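Keeping their order, the protein sequence lines are chains S and U. Under the working numbering, think of the first position of the first sequence as 1, with each following residue one higher. Under the working numbering, think of the first position of the second sequence as 1, with each following residue one higher.
Hints listed in this document are in silico derivations from the structure and should not be mistaken for laboratory results.
Copies of the same chain look alike in the list, so a pair counts if it fits in one copy or across any two.
In silico DSS-like links for lysine-lysine, alpha-carbon gap of 27 angstroms or less:
(1) Lys-339 - Lys-259
(2) Lys-319 - Lys-99
(3) Lys-335 - Lys-251
(4) Lys-339 - Lys-304
(5) Lys-297 - Lys-335
Please read these numbers as outputs of a predicted model, since none were measured by experiment.
Number of protein chains: 2
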Amino acid sequence: MDNKETYELTRFNVISSRIRLARNIEGLPFPNCKSASVNRGKFLAFMKGAENAAKGLFDYNFFFMKNLNATEKLAMVERHLISPALQNNSATGAVILEKTEGMSVMLNEEDHVREQCVQEGFNLPLAYKRVSRYDDRLMDELPVAYDDRLGFLTACPTNLGTGMRASTMLFLPALKLAGAIETALSKFVNDYGLTVRGVYGEGSSALGDMYQLSNTRTLGETEENIIEIMERATVEMCLHESRAREKLAHKSGAELYDKVCRSYGVLLNAYMLTSAELMTLISDVKLGVILNILPLKDTKPLDKLLVLCSAANLTLATKGCAPAQRDIVRAQLVKGILKETK
Amino acid sequence: MDNKETYELTRFNVISSRIRLARNIEGLPFPNCKSASVNRGKFLAFMKGAENAAKGLFDYNFFFMKNLNATEKLAMVERHLISPALQNNSATGAVILEKTEGMSVMLNEEDHVREQCVQEGFNLPLAYKRVSRYDDRLMDELPVAYDDRLGFLTACPTNLGTGMRASTMLFLPALKLAGAIETALSKFVNDYGLTVRGVYGEGSSALGDMYQLSNTRTLGETEENIIEIMERATVEMCLHESRAREKLAHKSGAELYDKVCRSYGVLLNAYMLTSAELMTLISDVKLGVILNILPLKDTKPLDKLLVLCSAANLTLATKGCAPAQRDIVRAQLVKGILKETK
Numbered sequence: 001m002d003n004k005e006t007y008e009l010t011r012f013n014v015i016s017s018r019i020r021l022a023r024n025i026e027g028l029p030f031p032n033c034k035s036a037s038v039n040r041g042k043f044l045a046f047m048k049g050a051e052n053a054a055k056g057l058f059d060y061n062f063f064f065m066k067n068l069n070a071t072e073k074l075a076m077v078e079r080h081l082i083s084p085a086l087q088n089n090s091a092t093g094a095v096i097l098e099k100t101e102g103m104s105v106m107l108n109e110e111d112h113v114r115e116q117c118v119q120e121g122f123n124l125p126l127a128y129k130r131v132s133r134y135d136d137r138l139m140d141e142l143p144v145a146y147d148d149r150l151g152f153l154t155a156c157p158t159n160l161g162t163g164m165r166a167s168t169m170l171f172l173p174a175l176k177l178a179g180a181i182e183t184a185l186s187k188f189v190n191d192y193g194l195t196v197r198g199v200y201g202e203g204s205s206a207l208g209d210m211y212q213l214s215n216t217r218t219l220g221e222t223e224e225n226i227i228e229i230m231e232r233a234t235v236e237m238c239l240h241e242s243r244a245r246e247k248l249a250h251k252s253g254a255e256l257y258d259k260v261c262r263s264y265g266v267l268l269n270a271y272m273l274t275s276a277e278l279m280t281l282i283s284d285v286k287l288g289v290i291l292n293i294l295p296l297k298d299t300k301p302l303d304k305l306l307v308l309c310s311a312a313n314l315t316l317a318t319k320g321c322a323p324a325q326r327d328i329v330r331a332q333l334v335k336g337i338l339k340e341t342k
Numbered sequence: 001m002d003n004k005e006t007y008e009l010t011r012f013n014v015i016s017s018r019i020r021l022a023r024n025i026e027g028l029p030f031p032n033c034k035s036a037s038v039n040r041g042k043f044l045a046f047m048k049g050a051e052n053a054a055k056g057l058f059d060y061n062f063f064f065m066k067n068l069n070a071t072e073k074l075a076m077v078e079r080h081l082i083s084p085a086l087q088n089n090s091a092t093g094a095v096i097l098e099k100t101e102g103m104s105v106m107l108n109e110e111d112h113v114r115e116q117c118v119q120e121g122f123n124l125p126l127a128y129k130r131v132s133r134y135d136d137r138l139m140d141e142l143p144v145a146y147d148d149r150l151g152f153l154t155a156c157p158t159n160l161g162t163g164m165r166a167s168t169m170l171f172l173p174a175l176k177l178a179g180a181i182e183t184a185l186s187k188f189v190n191d192y193g194l195t196v197r198g199v200y201g202e203g204s205s206a207l208g209d210m211y212q213l214s215n216t217r218t219l220g221e222t223e224e225n226i227i228e229i230m231e232r233a234t235v236e237m238c239l240h241e242s243r244a245r246e247k248l249a250h251k252s253g254a255e256l257y258d259k260v261c262r263s264y265g266v267l268l269n270a271y272m273l274t275s276a277e278l279m280t281l282i283s284d285v286k287l288g289v290i291l292n293i294l295p296l297k298d299t300k301p302l303d304k305l306l307v308l309c310s311a312a313n314l315t316l317a318t319k320g321c322a323p324a325q326r327d328i329v330r331a332q333l334v335k336g337i338l339k340e341t342k
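Extracted from the complex, chain S is given alone in its bound form:
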């Protein structure tokens, strides 16, 4: 499969690619280790060093969790910039957030430092390149805990070694509709040693037919190796989806066409939309874009719409309007963006 074929196969189904590295600082107890006494000087040096590594590399804001309100934190979780675990660490949690939101460095999550880079579409190597640049500078700034045999030391043994998690966010509506998603996904877990989660990380369900595929093995593999396996698995998953889509279009063309058109009509006309319904409708419409049914050419504005319209982000955008009004504002926002996109 050449680059063009891969691009065509993955362009609408791989929403984003993410690399995350877990790092810890020598001589500092892990953030969750409540019993150990923390040397204040060392702790401050760690926080300063982590920030220094970002200086000059990318434009950022530095946020302490304790200085953000609940809505602001939840909005960051909805935008996949911080994890629910960091959101809950009001004592020491912090994030160095690139203004364009590609890079984010969480401090005092499960590990001292969790560096992540998210790239739109299918591009794990670029995400890795960007995160590595920060990682190199971090290691210049701070004594990162590393063991010759175990590799990078992490709070949880499942992250030992490379400390790396590579993941792709996949949109798999046809496999879901065909009822084949469970089989397809469990095959991956077994064959590649990968894991699959809902879009908001572990334990969350697959909203909007989106699934996050990521590696589980971090030990005894090189970073390049992990990326290669993830790329192969992602392409294969998109192939499965593409075949399921063909079957679906062949088997229930008219019904599918009708469903997609109706969902588009409801999105364009509804006066109120809940967040959950929006997920379902956008999923139908995205499938419609892929199948060339609708007067829209790209799914990206729809993915952005999902984030923009998620509960906390909408609350922020509308400066805290009443919950009863939120569904109305969401529907207006959707209409506006869809009309622009056409």
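Once you have looked at the hints, place chain U on chain S.
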């Protein structure tokens, strides 16, 4: 209430006004009386006389039921031009049908002659005027059975006297939504001695929130009297509906607005539409027009759409396309007309 007020109150809720007169010919057994022997000469004279009465009065086509196929007959029933009873009389049934479809004279239904005139909107007097002109000419042509005590003689005693049925077709979505339709209608049956049916006559259910209000008493009342009672009752029913609509808009404004907008979106975008779903959606959209929610100013094109898209009429219009295709054609037709109407 002055004319302008009455017009405003009734314009969207009274879809049409209908007057029907039942007449029979002296010396001929009633059509349903199978045992009696029919004098062929008298029968032919009756058929000829009924047609003569129409000649020069309105442009018409003369159809024998036996010469129409099942779809053509059903299409006439759907357009309210003939009754299901006439549709089933393939032996002697016939209809004299005005080309513009306002006047229709059924021959050998339950009675020898059933003259009817349907007018768009709320206009019983005009319907009566038109049907009377035919009736006068029929009496010049033929010996119509009349008794000084009982009035016009009819096959069924419920039609004795004037032989007249006056009816208005009402659109009552708010009363239906408010769950108040049963109470409101049964009050009318009692107070005014009227009856209420679904749009396709006796025994049919109320599709699309449409109800046919008509008089039951034909004996001991003058024609003018019946029309006056029907007019009073129709206006009162529209007042009930108007109040129910205000309450509904006040109580569940946003939900109602949302429902109407969604139905409009589905109508504009669906790839397939069944006849039953179309009824429901059109009903929502008509309510939206009345409430000034939608970019449509009139409900008449929507009422025409209902007739145009009913099963048999659609089959005729599409020259007998496969039933599987019919829902697709219906949706396309709807889209086209709605876009024109905007």
